[in-house]
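Could you slot chains B and C onto chain A? The hints should help.
From first to last, the protein sequence lines are chains A, B and C. Positions 1 to 154 (our numbering) are the ones given, in order, by the first sequence. Positions 155 to 308 (our numbering) are the ones given, in order, by the second sequence. Positions 309 to 462 (our numbering) are the ones given, in order, by the third sequence.
Misleading hints may appear alongside valid ones.
Said to hold, decoys possible - Short derived list, chain C residues pointing at chain A, Cβ under 8 Å:
no.: 1; residue: Pro328
no.: 2; residue: Leu330
no.: 3; residue: Thr345
no.: 4; residue: Ser346
no.: 5; residue: Ile460
Since the hints were derived computationally from the structure, they do not count as laboratory data. Keep in mind it's a predicted model, so treat the numbers as computed, not measured. Every residue gets a Cβ at the ideal spot worked out from N, C-alpha and C, and that includes glycine.
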Amino acid sequence: MSRVEDKIESLGLKLPDVVPPLAAYQPAVRSGNYVFTSGQLPMVDGALPATGKVGAEVGAEQAKELAGVCALNALAAVKSVTGDLDKIVRVVKVVGFVASAPDFTGQPGVINGASELLGEILGDKGVHARSAVGVAVLPVDAPVEVEIQVEIAD
Amino acid sequence: MSRVEDKIESLGLKLPDVVPPLAAYQPAVRSGNYVFTSGQLPMVDGALPATGKVGAEVGAEQAKELAGVCALNALAAVKSVTGDLDKIVRVVKVVGFVASAPDFTGQPGVINGASELLGEILGDKGVHARSAVGVAVLPVDAPVEVEIQVEIAD
Amino acid sequence: MSRVEDKIESLGLKLPDVVPPLAAYQPAVRSGNYVFTSGQLPMVDGALPATGKVGAEVGAEQAKELAGVCALNALAAVKSVTGDLDKIVRVVKVVGFVASAPDFTGQPGVINGASELLGEILGDKGVHARSAVGVAVLPVDAPVEVEIQVEIAD
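Isolated chain A (complex conformation):
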């Protein structure tokens, strides 16, 4: 098993199977030394643990946990095209979309659930640039969606 997957297990987590796309695209694409993942919803075993807007039906703490699930699903998507997560040189970019009640302004704290988990799993390789925004609504009423861009070794 790869060192990155070892680390995931040591955190008490499990790299999930890749989440099948909801539509006509792939979970991730490799181009040159980069892997671009599709936007990942916080699916667990094919279902969303919660739906609705953060700041209304979903609390900020729960949304932060769900952002971590998105990050794990993103790593599964990366593995689906690289075969091995140890090929990650670094996470370059994270974009986090938070389905937000109009007065919820804590998007950075929510997306920290993804950023911090990537840091725990990947160490210095997990430190990235990031945008976090509050959107009106997400596919299948998910509270959060995260996409990542990763640089990989040849």
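For chains B and C alone, coordinates are given in the frame of chain A:
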């Protein structure tokens, strides 16, 4: 005429003229082996066929068609910097923004209008990673906006 | 001092200190010949000059100015990893998120505040592809957020 443009015509479509930017930017930029397009609105001959939020003023099926128009406009933007769509190695990434009524959660189906058309036109080269999100409102009240990143040959 | 910073001063502006991230990420990351910045809020000396939605609490003209502040902060973020803004070969991509009242459709004009300033500062190197969208709400209730991707010399 290029094979890709042949294919577009065989689908009963026409590659439009590039849509002039609404502001101080370019329809697309080439950098290295990539072309990044600006976010494309579903302009047809300089006008939007429909305006408003999907799930309210605009139906999901019409929005899906409009997402296909965005994809065609994106290919026109790519051509504006490459001169030839046959230089496309693959579509790497698609981001689709759907101006959404707060309870509309069918963004993946809408953006399929872009993804499926790219697949029909480009075959395996059209398969991409993708994010689809529901935003509050789009420029000039467009129902949908699509940007693409394409890898091209030297 | 670099030519780019000279130009910034000649416009009566000042390159700010890099804005510390609100969370577990970096202001910018270099990967290969690219720098990706995090989404930049219009922070001035650590505070937002205005908060709220554009088209409601914040006017379009003020939002355009704030988008320019975001662009300056983005250049500061680029400098934080390159050391020298003269290494910029070109701005490849700008994504602008405008926290928008549901009936505000002037996002392109707002994000022009970033695009035009990048053009004034960088000339031809500042011309970019761009997406502008209207989101529900932004971190700490900022009216606008801008991220950029820049190609740099070796």
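The hints, checked one at a time:
Of the supplied interface hints, the one on Pro328 of chain C is violated, with its beta-carbon coming no nearer than about 12 Å to a beta-carbon of chain A, more than 8 Å. Interface restraint check for Leu330 of chain C: the shortest CB-CB distance to chain A comes to about 4 Å, inside 8 Å, so the restraint holds. Of the supplied interface hints, the one on Thr345 of chain C holds, with its beta-carbon coming within about 6 Å of a beta-carbon of chain A, less than 8 Å. Against a cut-off of 8 Å between C-beta atoms, the interface hint on Ser346 of chain C holds, since the closest Cβ of chain A lies about 5 Å away.
Below 8 Å, beta-carbon pairs count as interface contacts, and Ile460 of chain C has none with chain A, the closest being about 14 Å; its hint is therefore violated.
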